[in-house]
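Colleague: In case you want the letters, here they are:
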Amino acid sequence: MSRRRLNPEAEAASARAKMHKKPKFRLSFVALPYCVYALIFVVVPMVLVLVYSFFYHYENGGSFGFTWEFFARFFNFSDPVYMQVLWRSVWIALVSTLICLVIGYPMAYILSRMKPRIRGIVSFLFVLPMWMNFLLRTYAWMTILENTGILNTALQAIGLTDKPIQFMYSTGSVIFGNVYNFLPFMILPIYNTLIKLDGSMVEASGDLGASFGQTFRRVIFPLSLPGVSSGIMMTFMPALTTFIVSRLLGGSKISLIGDTIEKQFLSTGDYGFGSALSVILMVLTLLAMAVMGKYEKEQSATGGLLM
Amino acid sequence: MAKELIRLEKVSMAYDGEEVLKSIDLTINDKEFLTLLGPSGCGKTTTLRIIGGFETPKSGNVYFDGVRINDVPPYKRRVNTVFQRYALFPHLNVAENVAFGLRVAKRPKKEINERVSEMLALVGLRGYEHRDVSQLSGGQQQRVAIARALAVGPEVLLLDEPLGALDLKLRKDMQTELKRIQQQAGITFIYVTHDQEEALTMSDTVVVMNEGTIQQIGTPIDIYNEPQNAFVADFIGESNIVDGVMHHDFDVSFAGGRFVCVDKGFAKDEPVDVVIRPEDIDCVPESEGMWSGTVESIVFKGVHYEILVDSGDARWMIHSTDPQTPGSRVGMKITPDDIHIMHKSDAKVWEEEK
Amino acid sequence: MKRFVKGMKGAYSALIFLFLYAPIAVMITFSFNASKSRGTWGGFSLKWYIELFGDARIMQALGNTLFIAITAALLATIIGTAAAIGINAMRRVPQGIVMNVSYLPVLNADIVTGVSLLILFVSVGIPLGRISLLLAHMTFNIPYVILSVMPKLKQMNKHAYEAALDLGCTPLSAIVKVVLPEIMPGVVTGAILAFTLSIDDFVISFFTTGAGVGTLSTEIYSQVRRGVKPSMNALSAIMFVVVLILLIVINIRSSKDNRQASK
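Going down the list, the sequences are from chains A, B and C.
Oh and the first sequence: position 303 is 303 in the numbering used here, straight run, nothing missing.
Oh and the second sequence: position 349 is 349 in the numbering used here, straight run, nothing missing.
Oh and the third sequence: position 180 is 180 in the numbering used here, straight run, nothing missing.
The shape of chain A in the complex, shown without the other chains:
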């Protein structure tokens, strides 16, 4: 068989002519627009927050210089009001996360043992509420939990109590709001690791004589730890930094770190102190990630939330 060419002479000639040009293209170049974007809108803002937290600057005099003042205000041990705020936020977030874990794990487990077809529908139902504006959902809880709300009205109607029970504006109601808003973030990552768990491992454990309790403790739970850890991160972080749940369900009584930062920027205009608090929050995020990070392996940050 003769040499296969489409149009041998002309093509070889044109190919040879083309070979002299030198357009150097690397596929990685298509990330360039994003890299520029990320530099301006992700890296620079972070740097600015750092700059604002360490430098004072007066509009009038135009003076500008390094200062520890903003951090000193936070770490003021004679009047630790801001440290108390942070401690309260951490504590509330921890309790909320723990409750989410205790309530969420069994749900995720039940869900993961359902038949695949039903399981798809049910997990869809878990995600669905998140498509409704969460401010409105939280607001709806106010309608239910207020002194004149649905729950109190119902309780009084059936005579369980004669005067309204105060549900709202307490630490408890803030924790309740956190659990409500962030529970799906705990259930779904755990569910996602549990469905990937190879059923034959559970059978193998049973085959080796383990009871269900032992199998759970020694096989299922350890294998679901990546999901648990990303669930904890995805619940703890928003619970720690929220200011809406506390504003709506805690009233003005429960002030958290999120509220405090928001006030610095939008009420008092104290960008320096607000930035310092943001830096502290970032450091806390990094710490939490470092602690949980060792369990994180294949879980993506989205935890397969959407689809």
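The reader is advised that the hints may include incorrect statements.
Result set (BS3-like, lysine-lysine): computed pairs, CA atoms no more than 25 angstroms apart in a straight line [said to hold, decoys possible]:
hint : chain 1 : residue 1 : chain 2 : residue 2
1    : A       : K163      : A       : K253
2    : B       : K172      : B       : K31
3    : B       : K169      : B       : K10
4    : C       : K154      : C       : K177
5    : A       : K115      : C       : K6
6    : B       : K106      : C       : K229
7    : C       : K2        : A       : K115
8    : C       : K177      : C       : K47
9    : A       : K196      : C       : K6
10   : C       : K154      : A       : K196
11   : B       : K58       : B       : K31
12   : A       : K115      : C       : K9
13   : B       : K172      : B       : K301
14   : C       : K177      : B       : K58
Since the hints were made in silico from the structure, they are not lab data.
Given chain A's structure and the hints, the job is docking chains B and C onto it.
Modeller: Just chains B and C, lined up with the frame of chain A:
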């Protein structure tokens, strides 16, 4: 007479500071079936990717038909590649995959259709035009990948471990098949593999590589019979490699004895590697042997027995059709041209890593 | 015993669902309430649905929200998909750096992302309004697009792009003809994710928007003190139903596709 098609001149390559090709020189002739053979990480795939245009060498030159092509992007080279695991486009069917390059080149529809049928006939997949590529077996996907690359009429086809994902039986069939396709298409094939049997079966020329350097270039028969160093000897086929001392030309000592050999040109009393193929050693009664040992184990391999004999200072692998009893004493016998003497090389490093 | 366990499981699931859906049920119910009070039931009425369309503020907020969400999702999908393709082709070290930067807006608390962007806009002098909102939304959308597209790129045969080049495609046509068709599901997921994140966002919008430019979220927040208008409930009910129908359609279609694919 063979005409030079591709030439690599002092080509070096490094990834993240790690040198993977160390100034290699290589000439590839037109219509040749050339195989780059070596263990993983030896630089064979990198060499192929440089020829294909997917990597630019750090230094050195690549010539195609006498023209320097270092900076010519792959889509302007008259060289096509069959990738490891084929890289078929899953969103296209068999015919569309094969037609891909022709459509990109905006060929007339009629020509494309003819060419696709012709190519599918060449690889034995006529009638599979409208199949989904995901429904094909590994061997069939392999054929589509070859048809796709050949359809655009390259002068050179590059094949990167194309049979690696196939099972043994299929691999054997495809070896014959590839050789046939190469001859029928009448173009150059550059083939990368770590499988010495593949290399020896199909190639006109074998290039043995290790650690970014070329160890030996030759015909399969040369490479097998006259390995230039212990690495090649060990990598191609199985070998007994022992330390020896070359006293004079044609006079070597190893295994506690002095032997006549056919090698010369070594320094006086130079320490050397002595290589003897397992099938070249004959088992004889102890009294008749040139040296002797105790049979350690024997394994039936189908065509022959693999016998391990411990001679005290070394362990010898022997391929023989006659069985021996483990624990018994045997003598071993060789002829002078069975002894291959090699300079000591840094190939020992590889030996240790293995 | 088995039955008891099954019953317990069912009851537990039901309780959790009650918890998750109670406020939504309340909200939808009260969108049909004739009375304006949110504690008492004044009979069935559609008046909030009618009033909704005459409410200039809500309509404007809805307009802003949709404009921002659609534009931000679209731009983020384009930039993010290109970014993912490019990042996937990078060498290990630069790839690690860019991916870590990409994770920042995902991992940082929303409030930190919000205030850092606020500082940027104020420092650079970008007026707070639609443009700043759009830029902010793109900032938190792009990483999610990248994270949705990345797994598809990893699944793809890493030589498919090179095979296209090998067969004569220019880099751009190789991306369009070979890479995009293969990662399309991830691109679509990313776009939907970006759109819903935008619609849902409150915190970052709150910090980066200016006077007069409200989104639904910031509008609701501003109404909370005085009491959220029942027409807002009506709007949410409509949106909820629309999303529900959309999702059901998508799910049915994709499960059909799956069944066809598995044939």
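Colleague: Looking back at the hints listed earlier, which ones does the structure fail to meet?
Modeller: 3, 6, 8, 11 and 14
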